[in-house]
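One line per chain: the protein sequences are E and S, in this order. Start counting the first sequence at 751; every next residue gets the next number (the working numbering). Start counting the second sequence at 751; every next residue gets the next number (the working numbering).
These are computed hints drawn from the structure, not numbers from a lab. A portion of the hints provided could be inaccurate.
No distinction is drawn between identical chains; accordingly, a pair holds when it is met within one copy or between any pair of copies.
Said to hold, decoys possible - Listed next, the in silico SDA-like pairs over lysine to any residue satisfying Cα-Cα at most 20 Å (straight line): (1) 808 / 844; (2) 877 / 888; (3) 940 / 849; (4) 763 / 928; (5) 801 / 851; (6) 877 / 811; (7) 808 / 819; (8) 940 / 844; (9) 877 / 840; (10) 801 / 881; (11) 801 / 885; (12) 940 / 837; (13) 763 / 839; (14) 801 / 857; (15) 763 / 925; (16) 808 / 897.
There are 2 protein chains.
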Amino acid sequence: MSDHAPIEVDLAKSYRLLNHGPTVLVSSAHGGRQNVMAAAWSMPLDFAPPKMLVIIDKSTLTRELIEASGEFVLNVPSRALAQATLAAGSSSGRDGDKFSTTGLKHFPATKVGAPLVEGCLAWLECKVIPEPHNQQTFDMFIGEVVAAHADPRVFQDGHWQFDDEPLNRSIHYIAGGTFFATGEAFEVQKK
Amino acid sequence: MSDHAPIEVDLAKSYRLLNHGPTVLVSSAHGGRQNVMAAAWSMPLDFAPPKMLVIIDKSTLTRELIEASGEFVLNVPSRALAQATLAAGSSSGRDGDKFSTTGLKHFPATKVGAPLVEGCLAWLECKVIPEPHNQQTFDMFIGEVVAAHADPRVFQDGHWQFDDEPLNRSIHYIAGGTFFATGEAFEVQKK
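Okay, chain E solo, but in the shape it has when bound (with noise of 0.2 Å):
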């Protein structure tokens, strides 16, 4: 873990954690084995109880563990990781355990048996919401969000305040190698 130890967020508030859209580092265990997948297509699907909704291919170690264990954390990496974000997506855990051949560490949850992925910037540990027909026909899982995390160097009081370090922010990928940093923030006044 980082000198920056996590602190707890309020379930209430963990929406926010993905309300912009980052691209998050999918992590699963079952059974001794681990692994850490990037995903894009992730986003929250409902305020209380919090629920996350990822896109996860037939294809990955990462779908096995997750139906296997019925668990499941969103890990938001920062741009530090933006490169073993990248080498996650594109590789796959049965050619060999990814958090070696990523270089990302991890260390344990509190509510679930996936690992969190150290130096990200927000954690959502999630047990799954068994839907046959969602994981079946379009690769969709829901899950749970039973504990948040974050960092309180970018996340305090329910809100994002990151720093002016740009490897702090958290990703957007689009496509290729091509990522958007998350920017300014603003606000904007009801009229």
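Using the hints provided, position chain S relative to the given structure of chain E.
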């Protein structure tokens, strides 16, 4: 329409218009009525044929129009439209035509009856894939993209190419009146 006539986007690349998780405006029309609302919870679901997913609350007029017409458009607003986006997300079309109350203008789509919102950066015309369980249980609508367009100032040859004008960036809603702009683009090389 602005001076910057939309260009057609190859359907195979249309997922890139939403892959970075921007907040969208959802436009709809049926039986002489039309509406526009904001949605932070929207994302690509599949590449080919391209499918998009959006969460539409049961209480909304948009829901009624989409269920009646089987069509909707996901419009990607620029920061210049952030105030109107917040307004479209904070009021109901049942209380009056939101194109009037928000000042948003529109022009015709090519393949669906729902209008395109003027001044947006990109537009995805969608036909609903009926999913009664997802619609009822999760307020989730899945649409196949039947036409896609973009402002050539910001999206060309299948790639976002934002200029230096901050108001031409896409936006990412968090809560209250807080948004992030889409930030700096960066490239990561596969190792």
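Hint check results:
In this homomeric assembly, residue 808 and residue 844 come within 20 Å of each other (Cα to Cα) only inside a single copy, at 13 Å, whereas the closest approach across copies is 42 Å. Taking the shortest Cα distances, residue 877 and residue 888 sit within 20 Å of each other both inside one copy (19 Å) and across copies (17 Å). Only between protomers do residue 940 and residue 849 lie at most 20 Å apart by alpha-carbon distance; the minimum there is 16 Å, versus 45 Å within a single protomer. Taking the shortest Cα distances, residue 763 and residue 928 sit within 20 Å of each other only across copies (14 Å), while inside one copy they are farther apart (29 Å).
For the identical chains of this complex, residue 801 and residue 851 are neighbours neither inside a copy (31 Å) nor across copies (32 Å), given an alpha-carbon limit of 20 Å. Within a single copy, residue 877 and residue 811 get their C-alpha atoms as close as 18 Å, which meets the 20 Å cut-off; across copies the closest is 33 Å, which misses it. Taking the shortest alpha-carbon separations for residue 808 and residue 819, only the intra-copy value of 15 Å comes in at or below 20 Å, while the best inter-copy value is 33 Å. In this assembly of identical chains, the alpha carbons of residue 940 and residue 844 lie at most 20 Å apart only when taken from different copies (19 Å versus 50 Å within one copy).
Proximity of residue 877 to residue 840 under the C-alpha cut-off of 20 Å is found in neither arrangement, the shortest distances being 25 Å within a copy and 31 Å between copies. When the C-alpha separation of residue 801 and residue 881 is checked against a cutoff of 20 Å, the pair qualifies both within a copy, at 13 Å, and between copies, at 19 Å. With identical chains, the CA atoms of residue 801 and residue 885 are at most 20 Å apart both within one copy (15 Å) and between copies (15 Å). In this assembly of identical chains, the alpha carbons of residue 940 and residue 837 lie at most 20 Å apart only when taken from different copies (7 Å versus 42 Å within one copy).
Taking the shortest Cα distances, residue 763 and residue 839 sit within 20 Å of each other only across copies (19 Å), while inside one copy they are farther apart (28 Å). For the homomeric pair residue 801 and residue 857, neither the shortest alpha-carbon distance inside one copy (23 Å) nor that between copies (36 Å) is at most 20 Å. For the homomeric pair residue 763 and residue 925, the shortest alpha-carbon distance between copies (10 Å) is at most 20 Å, but the shortest distance inside one copy (30 Å) is not. With identical chains, the CA atoms of residue 808 and residue 897 are never at most 20 Å apart, being 26 Å at best within one copy and 28 Å at best between copies.
Going down the numbered hints, you'll see the structure goes against 5, 9, 14 and 16, while the others check out.
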